[in-house]
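Peer 1: Sequence:
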Amino acid sequence: MNHFYDKILLALAVLALAGGTAVYFTGNSIAKSSSANTESRPYEPVPVPKSDFPEVSWSEPVAQPSGFLYDVFTPFNIFIDKNGNFTQVGPNIKVFANTFGDPYLIGIERPLYRIQMEGFIEEDPADPSKVLILMYDEENNESIRARVGLEYADTEFRVDDFRVDRVEEGGATYKVAQTTITDLRSGEQVALNDIEAQYNKGFSATIGSREDLSLSFQLTDVGATFSTANGDYSLDAVDLVSGNVTVTKAGDDFNDPITEVLFAEEITESEPELEESVEDNMNSATDISFDSFF
Numbered sequence: 000m001n002h003f004y005d006k007i008l009l010a011l012a013v014l015a016l017a018g019g020t021a022v023y024f025t026g027n028s029i030a031k032s033s034s035a036n037t038e039s040r041p042y043e044p045v046p047v048p049k050s051d052f053p054e055v056s057w058s059e060p061v062a063q064p065s066g067f068l069y070d071v072f073t074p075f076n077i078f079i080d081k082n083g084n085f086t087q088v089g090p091n092i093k094v095f096a097n098t099f100g101d102p103y104l105i106g107i108e109r110p111l112y113r114i115q116m117e118g119f120i121e122e123d124p125a126d127p128s129k130v131l132i133l134m135y136d137e138e139n140n141e142s143i144r145a146r147v148g149l150e151y152a153d154t155e156f157r158v159d160d161f162r163v164d165r166v167e168e169g170g171a172t173y174k175v176a177q178t179t180i181t182d183l184r185s186g187e188q189v190a191l192n193d194i195e196a197q198y199n200k201g202f203s204a205t206i207g208s209r210e211d212l213s214l215s216f217q218l219t220d221v222g223a224t225f226s227t228a229n230g231d232y233s234l235d236a237v238d239l240v241s242g243n244v245t246v247t248k249a250g251d252d253f254n255d256p257i258t259e260v261l262f263a264e265e266i267t268e269s270e271p272e273l274e275e276s277v278e279d280n281m282n283s284a285t286d287i288s289f290d291s292f293f
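Just so we're aligned, residue 0 is where the sequence shown starts under numbering that gives the first Met the number 0, counting upward by one.
In case anyone wonders, no lab produced these hints; they're calculated from the structure. Model, not experiment: these values are computed from the prediction. Hints are supplied without guarantee of correctness; some may be wrong.
SDA-like, lysine to any residue: derived pairs with alpha carbons at most 20 angstroms apart [stated by the list, open to error]: (1) K129 - R113; (2) K174 - A125; (3) K200 - V189; (4) K174 - I194; (5) K129 - R162; (6) K174 - Q115; (7) K200 - G106; (8) K6 - L16; (9) K200 - E138; (10) K174 - D164; (11) K49 - A21; (12) K81 - E54; (13) K174 - K200; (14) K200 - S142; (15) K129 - S142; (16) K200 - S241; (17) K129 - R144; (18) K200 - E137; (19) K200 - R144; (20) K200 - A236; (21) K200 - K81; (22) K174 - V147; (23) K200 - L111; (24) K129 - V147; (25) K200 - T179.
Whenever a hint applies, use it, and build me the whole structure from the sequences.
Peer 2: In structure tokens form, the structure reads like this:
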């Protein structure tokens, strides 16, 4: 039975092949060829309008900026600026100048500890318990006369110890009174003396802008960031002893980071030049009027 179907399929295939061959050979004679008469319409060239392209120039290659994973020969983006020059900077990208910029240090403040030592009065040099210690409450702005061993509930501290040390420095000898108190709020012992103020932990650095004197930033943590019209900056370090801060201007695809140490300085807004010129003109007019009398 299978051989019978195979013979039928073979016969159909032969018929299809024969029909296709007949169409191929007989179809060429049926198709009509056509030709265009070009004698009455000779060929005339059509002028192509010439496009005017601006002349552009490409700057000399420079070192590849940092931040790329691979070295590339061709810039990843190419733009044409308004002057017809090639550039890698897009029209909406602001590139900061390769300078540190306008920030300056206005000052560094440290929060005072709430209890300070101002001095002492010795009633009996041989008996420390009779020494009157002069303290100052920074929160309530009032003076306190304290003695060793006594507790002061209103101000929440207790005097534990008192002594007077003799310090020699530069050929001179002077006394330094020192006392140790217990802060009843925190339970910590705090050492105070009468020549140096005691500060809490922390700081507040004020950064200003040379270009906009109304702009200032209060920074209380290392790593804090701020921004001006010249770029983005971060506070890297604070030296409370020397009174300076280290600030870094962030880099970008075109500029490397710039770090500078800033010291406190005072910058005041200068008077307008117009007022100076008016004053000079008034002085010169006065001189002319005065000379006219002679």
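Peer 1: Which hints, by number, does the structure contradict?
Peer 2: Hints 1, 11, 13, 14, 19, 21 not satisfied by this model.
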